[in-house]
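Q: Order-wise, the sequence lines are chains P and W. Each residue of the first sequence is one higher than the one before, starting from 0 at the first, in numbering that gives the first Met the number 0. Each residue of the second sequence is one higher than the one before, starting from 0 at the first, in numbering that gives the first Met the number 0.
Among these hints, one or two may not hold up.
Residues from chain P that keep clear of chain W, each with C-beta distances beyond 10 Å, as calculated [to be verified]:
| # | residue |
| --- | --- |
| 1 | Thr1 |
| 2 | Lys2 |
| 3 | Pro71 |
Here are the in silico distance ranges between beta carbons for each label pair [claimed, not checked]:
| # | chain 1 | residue 1 | chain 2 | residue 2 | range |
| --- | --- | --- | --- | --- | --- |
| 4 | W | Ala228 | P | Gly44 | 28 to 36 Å |
| 5 | W | Arg80 | P | Pro79 | 41 to 49 Å |
| 6 | P | Gly188 | W | Leu230 | 46 to 54 Å |
| 7 | P | Asn63 | W | Gly70 | 26 to 34 Å |
| 8 | W | Ala228 | P | Ala149 | 48 to 56 Å |
| 9 | W | Ala244 | P | Arg77 | 47 to 55 Å |
| 10 | P | Asn63 | W | Leu229 | 56 to 64 Å |
| 11 | W | Ala244 | P | Gly44 | 25 to 33 Å |
| 12 | W | Asn71 | P | Gly210 | 49 to 57 Å |
| 13 | W | Asn71 | P | Val20 | 29 to 37 Å |
Quick caveat, the hints were computed from the structure, so don't treat them as lab data. In this text the structure is predicted, and so the values were computed from the model without any measurement. Even for Gly, the Cβ is constructed at its ideal location relative to N, Cα and C.
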Amino acid sequence: MTKRTLVIDLDRCSGCDSCVVACKFENGIGLGNYWNHVKPVNPVGTHPDIDMYWVPLQCQQCENSPCVGVCPTGASYRDPDNNVVLINKEECIGCKTCLPACPYSDSEGAVRPSVRWFNVEENVVEKCTLCNHLTATSDGIENTADTTDATHAVPPCVHNCSCGARSFGDLDDPNSGASQALAQAESEGRKVCTIEAEGVMPAARYILSEGIATWRGLGD
Amino acid sequence: MIKTTIQWLSVLFELFAATGSGILAFVGISEFVGSGGLGFDGLRSKAHLGATVVALALVVFGGLLYVARLGNPTQVMAITRNVSSGSPASWEFLIYLLVLVCAVICLLVLRREGRLGGVLSALCILLALAMGCSTGYYHMAMIGTPAWHSPAIPLGFTAGALLVSGFIYLAVAGCGLEKGLEKDAKKSSEEDSKASTSKIMVWILAVLAIATTAAALFFGASASFGQDALLYWIAAPAVGGVSFAVAIVMLKCARGVSRRWAFIGASFSLIGALAFRASLWLVDSTIPTLFRG
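Excised from the complex, chain P in its bound form (with noise of 0.2 Å):
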């Protein structure tokens, strides 16, 4: 079965918010609203021996994903051909049922660094994609000589990430460019992490170097 999610090179994030640019620019997200953020795990230990890194949280694609489950209209759905999670604006009702069954997001859906967010203009709630107007039918493989190959499209927060830290693809395809960017690190002896919460099982991926600062999940 396809699984579609980002795989996040936390060694190389540097915390710009150029995801986040491109994201708001590309889905066209309003002042205050974001469907990603790069929230920062502060700072532990005494100088010199001192790590930290950034973690840019977005839905995280969960197998057992609760916002499905509880949705009233049927407006969160999955994607039946690539089994990405994604919300039908036109069923959504703005019942927020959805916000408080998630883990990732605050009970408003308007607090950073919530991964849904409530769109008050349009009375729905929104979140990350992966951008599936541009990569429904793409094998997750980016064309650099060509970013308007539809076949190989990747997520705007994917290819304008300045750090090259971002990849995506399908988790089960190990061709795709998150199986690939798993396994180098895996060869390299490097950590592969979830943000487990609640048994949702999240598709999203986190690598980081024990040398560069010790897995916290999300911070204290």
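With chain P held as given, fit chain W onto it using these hints.
A: Just chain W, lined up with the frame of chain P:
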């Protein structure tokens, strides 16, 4: 720290819908408890009609709050089209619709026949339990909010709403009975039956007050309210305790129905039920560390 917002329209919908259905349940209970040739059917009919009107008004008002919460009546139709989705919100809405239909039927039957009958009474009781549980289950099913994974929520919601309903029932139905009795001072047997029936009701309320308080204490012991802790500990469990005390006072009264104490009990239990529901939105709602900083 983030400023948590209480979804008041949701809170009030859940409270009014469950309270309205609870009043119908007490009408149903009274049909069972008060039957047996006690000889005050005519008075009971008037009292129950009044209580049913109040119940229907609360259920309708709750529904209007639900529509207001969604912002548009057409949004409600979207839920209606998907009631089979199995979502806790769908269950809650489906049961609400059944309660609304049941309240209308009860009103018509009471006007026509003067009593509900066994089947309708039993249905009222079952729907009241279902309404309370479904509003609690709506919260309990939210995986992303660990503090809500508590059976104390459906228990507290159900018992709390029934507690408010019971006091309102005694206030409204007691009023109808007293008016009827004033017309005929000779009906001492009716006074006796009224007293015995309402005492059973008050015993039920005392048990509900204990259940509500226990649920609130159980939930409060496992949840973190941060700076709102004082609000919770004063409001929800303490007011539940007051309701219990009111029920005990009512039991000590020579005559079962005391409208004044019923109003006092209704007021305190309403505050308690409201506080319990509102406090849910004040607990740490996500991964504990995610929204701090």
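Q: All hints, please: hold or fail.
A: Hints versus structure:
1. Thr1: For Thr1/P, whose nearest Cβ neighbour in chain W is about 23 Å away, the distance exceeds 10 Å, so it holds.
2. Lys2: Holds: least Cβ distance 20 Å, greater than 10 Å.
3. Pro71: Per Cβ check, Pro71/P is inside 10 Å of chain W; nearest 4 Å; violated.
4. Ala228/W - Gly44/P: 28 to 36 Å: holds, 33 Å
5. Arg80/W - Pro79/P: 41 to 49 Å: violated, 20 Å
6. Gly188/P - Leu230/W: 46 to 54 Å: holds, 51 Å
7. Asn63/P - Gly70/W: 26 to 34 Å: Given range 26 to 34 Å: holds, Cβ gap about 30 Å.
8. Ala228/W - Ala149/P: 48 to 56 Å: holds, 54 Å
9. Ala244/W - Arg77/P: 47 to 55 Å: holds, 52 Å
10. Asn63/P - Leu229/W: 56 to 64 Å: violated, 37 Å
11. Ala244/W - Gly44/P: 25 to 33 Å: violated, 56 Å
12. Asn71/W - Gly210/P: 49 to 57 Å: The hint (49 to 57 Å, Cβ to Cβ) holds, given that Asn71/W and Gly210/P are roughly 55 Å apart.
13. Asn71/W - Val20/P: 29 to 37 Å: Because 33 Å falls inside the window, the suggested range holds.
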